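Trainee: Below, each chain spelled out in residue letters.
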Amino acid sequence: MSMKRPHISDHKWEQVLKSMDRREFIVTSAAAGALTMVPRFAQAAVETYRLGLLLPVTGTGANYADGGIKAVMNATAAINAKGGFLGKHPIEVNYRDTHTKPDVAAREARDVISRENVQTIVGTYSSACAMAIQEIIHERKILHLAATSNSSKIVNENFTPYTYQFCPNSKMQSGSVVVAVAEMIKKNGWKTYVTIGQDYEWGRDTQKGFVEALARKSAGTKLKKELWFKLGETEFSSYISAIMASKPDFAYGAIAGKDNRTFIRQAQAMGLFKRVAYPGGLISVTEMQQQRKSLPRGMIGLARCPFFAHLDQPLMQKYIKMHRAKHDAYPTDWACMHYDAIYGLEQAINKTGNIGTEAVKAALKGATMDTCRGKATFRDCNNQLNIPAGYVGSVWDSPDYPFPIFNPDTMIIVKAEEVWTPTCDDVRKLQKKRA
Amino acid sequence: MVLLVVGFPLVPALPGMFWTEVATEILILGLFAMSFNLIYGYMGQISFGHAAFFGLGAYGTAILFRELSGGTGAITMGQFFVALSVGPPVAALGALVVGFFCVRLTGIYFAILTLAFGELLFYVVFSWYTFTGGDDGIQRLLPPPFFRDATAYYYLTLVIVFGAAAVMWRITRSPFGYVLRNMRENQLRTRFLGIDVRRYMLVNFVIAGAFAGMAGALWGPFTRSVGPLLLGWQESGIAVFMTLIGGAGYFAGPAIGSIIYTFLQAYVTGFTVYWPLTIGTVILLIVLFSPGGLLAVFDAKVGFRLGRTPIAPGETPNGEAETGAAVTAETKAGS
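Which chain is which? The protein sequence lines are A and B, in order. Following my numbering, the numbering of the first sequence begins with 19 at its first residue and continues without gaps. Following my numbering, the numbering of the second sequence begins with 272 at its first residue and continues without gaps.
Among the hints, erroneous ones may be present.
What the hints assert, rightly or not - Each computed SDA-like pair below joins lysine to any residue, with the alpha-carbon atoms no more than 20 Å apart: (1) A:K450 x B:T347; (2) A:K159 x B:Y400; (3) A:K451 x B:A345; (4) A:K450 x B:I334; (5) A:K450 x B:E390; (6) A:K276 x A:S236; (7) A:K248 x B:Y400; (8) A:K159 x B:P415; (9) A:K159 x B:T422; (10) A:K248 x B:E390; (11) A:K451 x B:Q350; (12) A:K159 x B:M288; (13) A:K450 x B:L335; (14) A:K248 x B:L335.
Just so you know, the hints here were simulated from the structure itself, not pulled from any lab data. These numbers were taken from a predicted model, which means no experiment stands behind them.
Sequences are here, hints too, so could you generate the full structure?
Mentor: See the structure below:
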């Protein structure tokens, strides 16, 4: 008799995460442990598609990862309801917590590849985590769908043909903010600014992209000060005081995750937003939902995949309906990007007609696909999907939702091609040769 | 010990690559924990910053690796071994500087100072983007083609770790090792014997740092990347946990702790995200019911010595030691 070891996909995620008391944990662990002692027999006739999901439920990225986990579970459950990929390959999701730490992510990537034989890895919220696992997936020839890790290095300096990026990269994202900020500079006559960012790959890359792009667009605007803080910072008062003491015309923040929520709360309490304009900080649907009361109205923010910007897209409509039915909530940006990644994978498999990694990789190369953000195409030279680079808008109370969104009348959606590395020759110059 | 020596070379015979990789991790972290035990189990001082030397060794190797390969990951066999050999001296140098200050103190002050230096070094590596890569760390640490195979790298690790363990064993059995134990029991008495306690502590600190660096040097090419968290206090905690699990009073204790910790981690993370809860529970149980570690229980029941440190001079006839956490643990188990 064959017995299958329980997988995270067999459970409702919330139940695993929240409803497990100590006794249940011990019993479940013992039972699961006993089950793993039973040899895993090959499942006759059914070839399972094994997917590795690497996201943090601890660390600063946990704030966003919940949406990603829900989206992957929802999408795979829907595909499995039809029999799996191509109607005959049920998807098995092997989840691992990266703790938002690169060395843990690398370890877990190795684990799911060697032990669970996954064919694709999805997730890796943190860019540093994504870069750590790129070494492993490249060597083992495993597909990597970077749904939310968006350092530009992932598709440029650290490029591997096995990684496909479904989110706008950090250079695109900061470039899109510059488009909006440049207009404000012109309108308000701003001369100086300061930046504050998370001292890690994404924060550094995003800040650098912003500063360089702004220098090109508005050479007269001077950077007065750069402030960096460690991931997971909980006390921002000294940073906020330093911003105010510099008396800039505006401040730019490269902050995401729990840190972003903490920073906005403390900055608001200290009156930063009344004294210094703060355009272009990350305000995704997560922030809109979690800080629905406190988020300053009129604040200019940036989102990556806000559902309300694409209500006309059939895939987005389908996903909103599915997400609301299951969770009684609207999907976050992070859910949206992960949903696109899974459906992107399905479209590539449908196109090639088999689930072999090399075939799927070839099908994804330069592919045009349906996404929640409309039709999008992978750039040939670095596998960057040409979805919008950023959604810049002002926080506004909508009568349609129980939380604020960006005012649709003033929201700017910046196209990828406007702000990404201009030519493929430029991209190739950045890409380092791999052994 | 015999089981370890016989069992480890047979691991690659198990089906699949997974267990070979887990065993490689066990060996590297085991070496790291054994180097920590030179300070804790033998010298009687606890270091919460020992990962700094593990990280320095890893970064020393990784930076030279990056320079030699030009960032592509292509490296010759000779260059690979040169890069590997740089880890221990870099870590030893770091330990010399840190140890110079730390050995002036003992007990909790020693522990806090090692923690402070560990965090200092972590922040230097974390912030020095142009040299260490900051939070990104350093990627593309691909060994030469022969050692990319998990089995080949495992045997390389096995040889180095067993060699290092043999050297450590010899050190702990040398007059120097006995001086360390003497210091652990009573520094004042040791000083009265005319021994320069600080100098001995510093030398041991540097030796422990070098072995931690050796473990770090092996870690980078194994995971193909290094990150600043390798120097963090949580990494130091892993060495402490492993030593507590196995038993600080035994030479093989940290190695046994590494086997249990790493195996448990590989096993538990396969079906639950509650790994920190699991390891916390294990440590709690060990501290409450077997403070001398699992080897102490085994030793008490079966009577094997397993490299247990000889009865310390501070022990009283009823088996209680005057000072030293490690000795207290082992004597309780042995009484």
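Trainee: For each hint, tell me whether it holds in the structure or not.
Mentor: Status of the hints after comparison with the structure:
{"no.": "1", "hint": "A:K450 x B:T347", "in the structure": "19 Å, holds"}
{"no.": "2", "hint": "A:K159 x B:Y400", "in the structure": "29 Å, violated"}
{"no.": "3", "hint": "A:K451 x B:A345", "in the structure": "10 Å, holds"}
{"no.": "4", "hint": "A:K450 x B:I334", "in the structure": "17 Å, holds"}
{"no.": "5", "hint": "A:K450 x B:E390", "in the structure": "32 Å, violated"}
{"no.": "6", "hint": "A:K276 x A:S236", "in the structure": "31 Å, violated"}
{"no.": "7", "hint": "A:K248 x B:Y400", "in the structure": "14 Å, holds"}
{"no.": "8", "hint": "A:K159 x B:P415", "in the structure": "18 Å, holds"}
{"no.": "9", "hint": "A:K159 x B:T422", "in the structure": "18 Å, holds"}
{"no.": "10", "hint": "A:K248 x B:E390", "in the structure": "13 Å, holds"}
{"no.": "11", "hint": "A:K451 x B:Q350", "in the structure": "19 Å, holds"}
{"no.": "12", "hint": "A:K159 x B:M288", "in the structure": "15 Å, holds"}
{"no.": "13", "hint": "A:K450 x B:L335", "in the structure": "18 Å, holds"}
{"no.": "14", "hint": "A:K248 x B:L335", "in the structure": "27 Å, violated"}
The structure fails to meet hints 2, 5, 6, 14 from the earlier list, while all remaining hints are met.
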